[in-house]
Amino acid sequence: MTRALSSAFAVVPSLTLALLAACGGLTDRDALPPEGQLLLYVDTDAWLPKGPGEATSPDDRPALFQRLRVELFPPGQNETCAGCSRDFGIDRGVVKRGRASIGLLPRVGVSGYRARVRLYRLGGAGETLVDARTPSTIESVVALPSTAAEGIREVTVVLRTDTVGQPQGTLDAPIAAQEGRPTKSLVGTWREEIRRDCSRPAGDGEVCVPGGALWMGDPSFYDPLPERLVALSPFFIDLTEVTVRAFRRSRLATLDEDAAKADPYLYSSKTNLYCRYTNTPGQFEDAAVNCVSKAISEKFCAAQRGGTLPSEAQYEYVAGALRNLPFPWGSDDASCEDAVFGRHYDESAPAPQRVCVSFGVGPALPGSGRRDRVRIGDREVVDLAGNLSEWIRDDFSPSTERCWQTQATLDPVCTESAYKDKVLLRGANWTDLGATMLRANYRETAPASTPQNTRSGFRCVRAD
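Position one of the sequence shown corresponds to residue 41 (the numbering used here), numbered consecutively onward.
Calculated directly from the structure, the hints in this document are not laboratory data. These numbers were taken from a predicted model, which means no experiment stands behind them. Possibly wrong hints are sitting among the right ones.
[Said to hold, decoys possible] Distance ranges between label pairs, derived from CB positions:
| # | residue 1 | residue 2 | range |
| --- | --- | --- | --- |
| 1 | Ser186 | Gly129 | 29 to 37 Å |
| 2 | Glu456 | Asp202 | 32 to 40 Å |
| 3 | Gly417 | Lys460 | 33 to 41 Å |
| 4 | Ser125 | Arg363 | 29 to 37 Å |
All C-beta atoms, glycine included, are put in the ideal place defined by N, C-alpha and C.
Assemble the whole structure, with the sequences as input and the hints as a guide.
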């Protein structure tokens, strides 16, 4: 663990319980007081930060948790005693070596002491509060055994990632601590099977997204979805939004002289219509196709890619650069060069929607945003933050619905929503404001009654 975890806790003589030391501080048994001791070890299967000097491994993934909190409660009390709560930084090296431990000095022969142990993540703004963020905390409340007058009794609490957001035990009904120290640490073993690259090469115009995990939702910013831990198997994703040229080659376009019956909508010379598809090849062949419905987008992905539209989780994972970043490029707000937004054609539109019109109006060619790109291996996925909003495989479902009430799920897709009047999209578009709408976790809806518009396009994914 960090240096903070190796420093001694102060002993408070007036209390029946005192925290003595942390981590490596208890290695010299002769230095301990003679009274009966409890040595509480912490083990977890969670993905933790790499320790100082620890070698990088090909299957390393960003840490899901960074902090540990231990609180001690005397018998019959539901408030921790003064000086009996500590927070630490934690890393996998300390846990792997069996040094994640803390010494406790309860009253000899007295039962009823409890320890609440929490493993949690730092918020997007570096916040460290736990109580208000139960969805992203692994918590166990364990009953501590009584001690004899002399000697050290070792017990272990195991924090399992699959229980995130579901506290194990309570102060009134604690679970039992495991006897003894861990024989072999579980650290980093959660969902080991997904921590790999694709089993076959990516095709032209796509890239393999290695399996991993992400926190959907952002506690540091307004977000309509709660924090939720999601695991994802490896998959392939298109590098760009599907272009007019690619869509034309598919021969899936349902064209008619009456544009209202066309899918995609046909190009119009009117200044208020920026549909890019034309009856015959024209000047927009390399542009991302827009004015296309979700239904025909799904047909394209199935027929041309052997795949589907991205799920919300897949899109957010890639848009956050596989590291839960707020934006594809990092954490700072975008300038007009960085992504395609604020390019509304209508001079009467609110000023923020036209802040970037000096760079053009309407959607731009794929990859026009200087920093709206995520490098994976030797390839880049572009236009995840701006240009066109993109159709998503999931049905729209608010955060109160069952789809978003489960934690630690693998490859989730919400297809059981009762809200059939709305269709879901991810990513901002050329008419949107900057800042909030360009974030990786930004989602919006469109009326199902108007399935096509100038602001929406799509890309495909396929399973490994």
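Hint check:
no.: 1; hint: Ser186 x Gly129: 29 to 37 Å; result: 31 Å, holds
no.: 2; hint: Glu456 x Asp202: 32 to 40 Å; result: 22 Å, violated
no.: 3; hint: Gly417 x Lys460: 33 to 41 Å; result: 39 Å, holds
no.: 4; hint: Ser125 x Arg363: 29 to 37 Å; result: 31 Å, holds
Taken one by one, the earlier hints fail for this structure only at number 2.
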